[in-house]
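Per the UniProt record's numbering: the sequence shown = residues 1 to 216.
Simulated from the structure, these hints should not be mistaken for lab results. Mixed in with the good hints there might be a few duds.
Claimed, not checked - For lysine to any residue, the following SDA-like pairs were computed, each having C-alpha atoms within a straight-line distance of at most 20 Å: (1) K196 - S146; (2) K196 - G23; (3) K196 - E28; (4) K196 - A184; (5) K196 - E74; (6) K196 - L39; (7) K196 - L185; (8) K196 - R148; (9) K196 - R171; (10) K196 - R166.
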Amino acid sequence: MASAAEHARTTGRVLPVSPALSGLLPAEGLRRGSTVSVLGSTSLMLTLLAAATAGGAWAVAVGLPALGVVAAAELGVEVGRLALVPRPGAEFPAVTAALLDGFDLVVVGPGFARPDVARRLSARARNRGSVLLSLGSWPGAEVELSCRRSRWTGLTGDGAGYLRAREVEVRTGGRGAAARPMSALLRFPGEGEVRKVDFPAPATVVTAATARWGTA
Numbered sequence: 001m002a003s004a005a006e007h008a009r010t011t012g013r014v015l016p017v018s019p020a021l022s023g024l025l026p027a028e029g030l031r032r033g034s035t036v037s038v039l040g041s042t043s044l045m046l047t048l049l050a051a052a053t054a055g056g057a058w059a060v061a062v063g064l065p066a067l068g069v070v071a072a073a074e075l076g077v078e079v080g081r082l083a084l085v086p087r088p089g090a091e092f093p094a095v096t097a098a099l100l101d102g103f104d105l106v107v108v109g110p111g112f113a114r115p116d117v118a119r120r121l122s123a124r125a126r127n128r129g130s131v132l133l134s135l136g137s138w139p140g141a142e143v144e145l146s147c148r149r150s151r152w153t154g155l156t157g158d159g160a161g162y163l164r165a166r167e168v169e170v171r172t173g174g175r176g177a178a179a180r181p182m183s184a185l186l187r188f189p190g191e192g193e194v195r196k197v198d199f200p201a202p203a204t205v206v207t208a209a210t211a212r213w214g215t216a
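Can you make the complete structure from the sequences, with help from the hints?
Quick look at the structure:
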């Protein structure tokens, strides 16, 4: 029997995400009508849009004037299906509500939504079947993704070499099916698809007894 997540995907109620991210989301994708917050990483937010826009979904970013189209393209976003409303100003609630009526995914910048506004916009997303994504904390979000630790790869111990990719630990939490916390280590290349990688093995602590006898 197909899982609930698989059924939701095949019936179109879930928008696809990169395989590296699917295990972090309750429906293994972005469930239509849901609200998702992303803390600490614009790259992670853009990665959430990549597979959906490549598959034909339309996305819009509201209140993110520094968002770069080139960076979005490098992370796999189909920029021909990405609209930008960089400065909505005082009309943010009305503008965002209207966009939720017409776009599959609506990304909003940090600092706009008071709790009452957040509740109304999340309800609008549920009613319209859009996905509301917040770059920053969002009251009542069903899923919250946060970037905890990151490091760059490509440099040797003496600092020589080139920065090739960034590894980020992503943790997820939220309400309902997302309440059980999970984490994954993702590698963001300079260009190309984000990949899930294994966590490094914990360092072995060598004591004097271990060094002498070979046992702990």
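ask   = Which of the numbered hints are not met once you compare them with the structure shown?
value = No numbers; nothing is violated.
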